[in-house]
Structure formats: structure tokens, C-alpha cells
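A.B. asks: Listed below, chain by chain, are the residues.
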Amino acid sequence: MTLTGMKKHVGVLEVAGLVTTEKVGRVRTCRLGPRGLEAEAAWIESHRQVWDARFNELDKVVEDLKRKEKVDGRQKR
Amino acid sequence: MDDRRGSQPNPIKNRTTVERRSDRELVVTRTFNGPAHVVFEAWTKPELMKLWWAPKSTGVPLRSCEMDVRVGGRYRLEFGHDASESMAFIGKYIEVTPPSRLVWTNEESEDGAVTTVTFEERDGRTLLVLRELYPSKEALDEAVAGMEEGMPEQFEQLDELLVTLGTSV
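Protein sequences, first through last, are from chains A and B. Under this note's numbering, the first residue of the first sequence carries the number -13, and numbering increases by one thereafter. Under this note's numbering, the first residue of the second sequence carries the number 6, and numbering increases by one thereafter.
Rather than coming from a laboratory, the hints here were simulated on the basis of the structure. Hints may be right or wrong, so weigh each one.
Stated by the list, open to error - Pairs of lysine-lysine residues, derived as DSS-like cross-links and limited to a Cα-Cα distance of at most 27 Å, are as follows: (1) A/Lys56 to B/Lys55; (2) B/Lys61 to B/Lys18; (3) A/Lys52 to B/Lys50; (4) A/Lys46 to B/Lys142; (5) B/Lys55 to B/Lys97; (6) B/Lys61 to A/Lys52; (7) B/Lys61 to A/Lys54; (8) B/Lys50 to A/Lys56; (9) B/Lys142 to A/Lys54.
Throw the hints in and build the complete structure from the sequences for me.
C.D. replies: In C-alpha cells, the structure reads:
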């Protein structure tokens, strides 16, 4: 990666709040940024995906139970 | 009764939402195409719970599932590939009201949430709302922060890149 490319890359990370940079003399120091909001949003989305995967399986269980109830209901009559 | 058989061969997938509703509370909602007593049953019988609580896509199987679903009864759900690397979720039921409400504690840590699940039936469908209420803002923050530990690799790589950049830019 070229120096210009690097600078651009860091700029993108900085805008995204992932890093903060500070230039002292000739040296620019980068730190991981606050990214509090991004991290929380990512966590909530991953949590959502876990529940969504579970609930897609639960849909199948619900369908099975409904089918069984229908059959049992008919047998009782 | 709605009995249009075959009218819904591929029912539209219902959306799962998750939101942090307050400093201490996380809320998950989802609608199911079935009556509340059926959905409730799937949450309270271990043999049914096993079928969906650990979906294959998450990659970690449910090793055992013990649930004594009555007020004061305990549960223990153990995940893992083998006995040496398993993780157990434990707690007790503090409210059991078929088919509309289920409340349990999460006791794997001191800062565990209390989980309340409500099942609200309307026109043969059930709106499920799951609330996780943490003892403090810090406890929920910590649960959220725990997730970052799940992504250390990316951050480590980023750290390395930044160290390199810091010395050269």
C-alpha cells in the first residue's frame, strides 16, 4: 500500500469513528476510536440474527404442533 | 376458525426485531403463525425446545436441556461440542402462566437479566415479546461489550495496522 493509499484508508476509518488520529510533529498517531454506537448496533444486529435463526426453527415446530392438533382433533370426533 | 388449507404454502417470514428500549432493557419481538397455546408449548417442553433453541446455523449444539417449568422450578441448558467445552445456562422460573406469560431468571452470572416472555394471540397468530431486564445499565452495557470480545481478531488486525501507520505516516 502506498503512503497516499494509507492516508486515505485511515481517513475512511476516522470518518467511521473507528479511529481517532493526532499529529504531533512529523508523526500521526492513530487510536481506536470511541465506536460506542457502532459496536452497540453491531451487537444488537448479531443478537437479532441469533433470535431470528431460532425463531425460523420455532416456526417449523409451531407448524408441526398445529398439524398434530388438527389430526388429534379429527380423531376425537 | 381460519382454515384456508393450502392457501399459505410458503407463509411470508415474520420479522424479528431487537431493540434496546431503555438503559436496562432489551426487547425482542416476533409474530408466529399459530395460536398462543402452541407457541407456549414449544417454549415449555424440553423435547420441543431442543428442536429450535440451538439452530444449526449458530454452530453450537445443545447438549442437554432440563426444564422444570413451574414457579420455582429450575432449568439448565448446556451448549457445546463436548463435555470439556460446554457452557451452561441456568436459572429458575418465577412466573408460569399458560399460555400467555413466562418469566425466568438467568443465573450464570451475578448480573444476569430477568427474562419475561409474553404470548399475545390475535386472529390465530401470536405476537411474542421477550424482554430481558438487566439489574443495571452497567450490566447491559457489559453484555453488549462482551460481544466485542467476540470480534477481537478484526480489532487486533486493525490495531496492528494502526501501529504500522502510526510509525510511518
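A.B. asks: It remains to establish, for every hint, whether it holds in the given structure.
C.D. replies: Now the hints, each set against the structure:
1. A/Lys56 to B/Lys55: The hint holds at about 23 Å.
2. B/Lys61 to B/Lys18: 18 Å, holds
3. A/Lys52 to B/Lys50: 15 Å, holds
4. A/Lys46 to B/Lys142: 36 Å, violated
5. B/Lys55 to B/Lys97: 18 Å, holds
6. B/Lys61 to A/Lys52: The hint holds at about 23 Å.
7. B/Lys61 to A/Lys54: Status holds; Cα separation ~24 Å.
8. B/Lys50 to A/Lys56: 19 Å, holds
9. B/Lys142 to A/Lys54: 44 Å, violated
Checked against the numbered hints given earlier, this structure breaks hints 4, 9; the rest are met.
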